[in-house]
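Visitor: Below, each chain spelled out in residue letters.
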Amino acid sequence: MELKPCVNIRQEWDIVGARQLGREKAKELGFGTVDQARIATAISELARNIYLYAGIGKVYFEMVDHLGKKGLKIVAVDEGPGIRDLSQVMQDGYSTSGGLGAGLPGVKRLMDTFEINSEWGEGTEISAVKWVR
Amino acid sequence: MRIPILKLHNYLLISIQIDLDDQSAIQFQEDLLNKIYKSGATGVVIDLTSVDIIDSFIAKVLGDVVTMSDLMGAKVVLTGIQPAVAMTLIELGIHMQDVQTALDLEQGLIKLRQELEG
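From first to last, the protein sequence lines are chains A and B. In terms of numbering that gives the first Met the number 0, the first sequence opens at residue 0 and continues consecutively. In terms of numbering that gives the first Met the number 0, the second sequence opens at residue 0 and continues consecutively.
Hints may contain errors.
[As the list claims (entries may be wrong)] Some chain B residues flagged as far from chain A (calculated, every beta-carbon gap over 10 Å):
id	residue
1	His-8
2	Asp-54
3	Lys-59
[Unchecked claim] Calculated cross-link-like contacts (lysine to aspartate or glutamate; reagent style EDC-like; alpha-carbon spacing at most 16 Å):
id	chain 1	residue 1	chain 2	residue 2
4	A	Lys-107	A	Asp-91
5	A	Lys-26	B	Asp-51
6	B	Lys-34	B	Glu-90
7	A	Lys-72	A	Asp-111
8	A	Lys-107	B	Glu-90
9	A	Lys-24	A	Glu-61
10	A	Lys-72	A	Glu-23
11	A	Lys-69	A	Glu-121
12	B	Lys-59	A	Asp-91
[Claimed, not checked] Pulled from the structure, derived: some chain A residues nowhere near chain B, Cβ distances all over 12 Å:
id	residue
13	Pro-4
14	Asp-13
15	Arg-37
16	Gly-70
17	Gly-122
Because the hints were derived from the structure by calculation, they are not lab data. Don't be surprised by glycine CBs; every beta carbon is placed ideally from N, CA and C.
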């Protein structure tokens with residue numbers, strides 16, 4: 000199996016590391032500047048959520064292929080407290096940390112697909128794909 | 000990483016040229032407010048030409064520093080926001096409506112002068 004590029008999120012600086020690696024991968028895949036910025040921003044939001052709410056976790060990247068279309072999949076996983084109410088965190092402006100509450104709904108808008116699985120007390124896994132146009 | 004803040008007459012000029020991590024962003028907020036206090040500057044231009052990503056946290060820190068500076072009596076203009084950054088911010092749902100902006104440093108200084116000198 001191909002080893003997936005992965006960034007462990009343990010400290011704040013890892014947020015920057017994750018988005019830089021993600022932007023590099025996006026560039027390699029042939030994404031334009033605007034999509035590179037969208038991808039890097041989405042990674043930043045996901046990595047910060049891990050850092051803020053779970054403490055530790057990881058973000059990994061996967062090159063995906065569907066019917067000849069190439070894409071980049073971002074997966075953010077943690078074993079933190081999980082999300083109690085998924086519909087609440089997907090609302091614009093909802094935040095428990097004093098942030099802008101733009102994170103998850105924003106990521107959904109920046110990417111082409113967005114999937115979230117969270118079990119209260121077990122952790123959270125979010126995956127999102129952007130297709131090369 | 001510390002971001003240099005330059006004084007030019009009664010203005011402060013900042014060009015952000017690093018990939019901003021949370022800590023540097025907060026440090027910058029503090030440094031800028033202290034510099035306004037010490038220098039008595041009435042106008043500030045923060046140039047973002049070299050910034051290729053602004054996420055919700057950095058947007059909040061920037062928006063806050065504009066409001067904080069305003070409370071102290073200094074007007075802030077953000078300049079040079081890249082097209083990709085502008086698009087990403089709006090898609091994220093961040094509108095920064097109360098923030099003054101200009102195309103580049105030159106336009107930013109013109110805007111400040113108009114605002115401060117009437």
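Visitor: For each hint, tell me whether it holds in the structure or not.
Guide: Against the structure, the hints:
no.: 1; hint: His-8; in the structure: 34 Å, holds
no.: 2; hint: Asp-54; in the structure: 4 Å, violated
no.: 3; hint: Lys-59; in the structure: 5 Å, violated
no.: 4; hint: Lys-107/A - Asp-91/A; in the structure: 11 Å, holds
no.: 5; hint: Lys-26/A - Asp-51/B; in the structure: 14 Å, holds
no.: 6; hint: Lys-34/B - Glu-90/B; in the structure: 33 Å, violated
no.: 7; hint: Lys-72/A - Asp-111/A; in the structure: 10 Å, holds
no.: 8; hint: Lys-107/A - Glu-90/B; in the structure: 9 Å, holds
no.: 9; hint: Lys-24/A - Glu-61/A; in the structure: 9 Å, holds
no.: 10; hint: Lys-72/A - Glu-23/A; in the structure: 13 Å, holds
no.: 11; hint: Lys-69/A - Glu-121/A; in the structure: 32 Å, violated
no.: 12; hint: Lys-59/B - Asp-91/A; in the structure: 15 Å, holds
no.: 13; hint: Pro-4; in the structure: 18 Å, holds
no.: 14; hint: Asp-13; in the structure: 9 Å, violated
no.: 15; hint: Arg-37; in the structure: 6 Å, violated
no.: 16; hint: Gly-70; in the structure: 18 Å, holds
no.: 17; hint: Gly-122; in the structure: 22 Å, holds
In summary, the structure is inconsistent with hints 2, 3, 6, 11, 14 and 15 from the numbered list given earlier, while agreeing with the others.
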